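Residue numbers (UniProt numbering): 1 to 391.
It is possible that part of the hints are untrue.
Label pairs and their calculated CB-CB ranges [stated by the list, open to error]:
{"hint": "1", "residue 1": "Arg44", "residue 2": "Glu125", "range": "36 to 42 Å"}
{"hint": "2", "residue 1": "Thr61", "residue 2": "Asp289", "range": "31 to 37 Å"}
{"hint": "3", "residue 1": "Glu128", "residue 2": "Arg44", "range": "44 to 50 Å"}
{"hint": "4", "residue 1": "Glu104", "residue 2": "Asp293", "range": "18 to 24 Å"}
{"hint": "5", "residue 1": "Ala275", "residue 2": "Gln361", "range": "39 to 45 Å"}
{"hint": "6", "residue 1": "Pro138", "residue 2": "Arg299", "range": "41 to 47 Å"}
{"hint": "7", "residue 1": "Lys41", "residue 2": "Ile6", "range": "55 to 61 Å"}
If you're looking for bench data, these hints aren't it; they were derived computationally from the structure. No experiment lies behind these values; they were computed from the predicted model shown. Positions of the beta carbon are idealized from the N, C-alpha and C atoms, including for glycine.
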Amino acid sequence: VQKDLIECFKDPVHPLQLIIVTAKLLTGFDAPICYCMYLDKPLRDHTLLQAMCRTNRLYETDDVRKDMGLIVDYLGVFENLRTALAYNPEEIEGVVEGIEAFKELLPLQLNKCLAFFPGIDRSIEGFEGIMAAQECLPTNEKRDEFAASFGVLSKLWSAINPDPFLTPYRQDYKWLAQIYESVRPVGQTGALVWAALGPETIKMIHEHTDINRIRDDIDELIMDEHAIFTLTVKEQEQRAKRLEIDLMGRLRGSHDPKFVALGERLEKLRQDYEAGVIKAIDWLKGLLDAAKDTVQAERETGERPVTEADNKQALTKLFLETRPETTPKLIGDVVEQIDKIVKATRFDGWQSSHSGPREIQKALLLTLAQFGLGKDKELFQKAYGYIEEHY
């Protein structure tokens, strides 16, 4: 029974999360997955040291990375660790640190990380805010410096969390974590200082940001290939950066070989652009090709299926971003009408048929004209490109 219990506890997907022990498993329990120990028994010397080591083993899976353990001391055993452990003080230095020591370090480390972004308005949300921050990390060396500093901050945060002490620092930490995730290399390239963020930090990012929601900005994927030549170099660079952020977030979550290869391709494009090997226009074109291949790969692997709600949400975003200033504020009605007409007109394989594209284009044009948007060629091309890709 004991052996079965231990195996269940070591299984990351098993519901068993807590084991109450008296003595035996304190010193002979080999389970690196164990993160927290609630200590309510007086221990000394090698017994205490071995108990500490139960929680201090490194552990990593695809979704979780454990760099430290937590011991909740109910008896004050650690108040005088040197007395409790009959070892040379130098040998045990740094083995155990109190949470209070981390609380002193965290504000200093937070400010050190924020210092990488002088003058940046952290209240600006979305891609504009991310791109502005990325301008402060122009080289791989600078990014690696930031990664090293944020890595220390992330460990401090994980050690203290969920203490209410963190509340006044949460907004700044969330912002830094978002920037870190936006520039972290997708593949195996980059310095070793780049590590996957902890699950609490990832959850914090995803609750409040759109960094991994590429289909909300799907217009970047179906941009007419000839239209990009009409953009200025600055506009080409801005669109490329925005699309790169989207793609990095989308590719990073998968371990399928197709997505790993796409991630490496994405990183190579960025490196070539930063080294001056390719121009902004070539960077953008390469990213567009990678984006289309990503959509295709998702279809082939069955990852991230797009729902009807996703389609309508993305169409809404597309219209909001491309509409003329004179457009009436009836975007929801426009999208609703397009959605109805396309569903009524489409049939399986319509994209590759002779009459299908013409019928859909005709229906789309009539719908846009109904709302005074019939002459907006760019809007028509983007809307049709999106419909062709997702309906």
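Here is what the structure says about each hint:
Look at Arg44 against Glu125: about 53 Å separates their beta carbons, and that is not inside 36 to 42 Å. As the Cβ distance of Thr61 to Asp289 is approximately 33 Å, the hint placing it in 31 to 37 Å holds. Between Glu128 and Arg44 the CB atoms are about 58 Å apart, so this pair departs from the stated range of 44 to 50 Å. Distance hint for Glu104 and Asp293: a CB-CB separation of about 49 Å, inconsistent with the stated range 18 to 24 Å.
Range check, Ala275 to Gln361: Cβ separation about 42 Å, and the 39 to 45 Å hint holds. Checked against the given bound of 41 to 47 Å, the beta carbons of Pro138 and Arg299, roughly 36 Å apart, lie outside it. Range check, Lys41 to Ile6: about 20 Å between beta-carbon atoms, so the 55 to 61 Å window is missed.
Violated hints for the displayed structure, listed by number in ascending order: 1, 3, 4, 6, 7.
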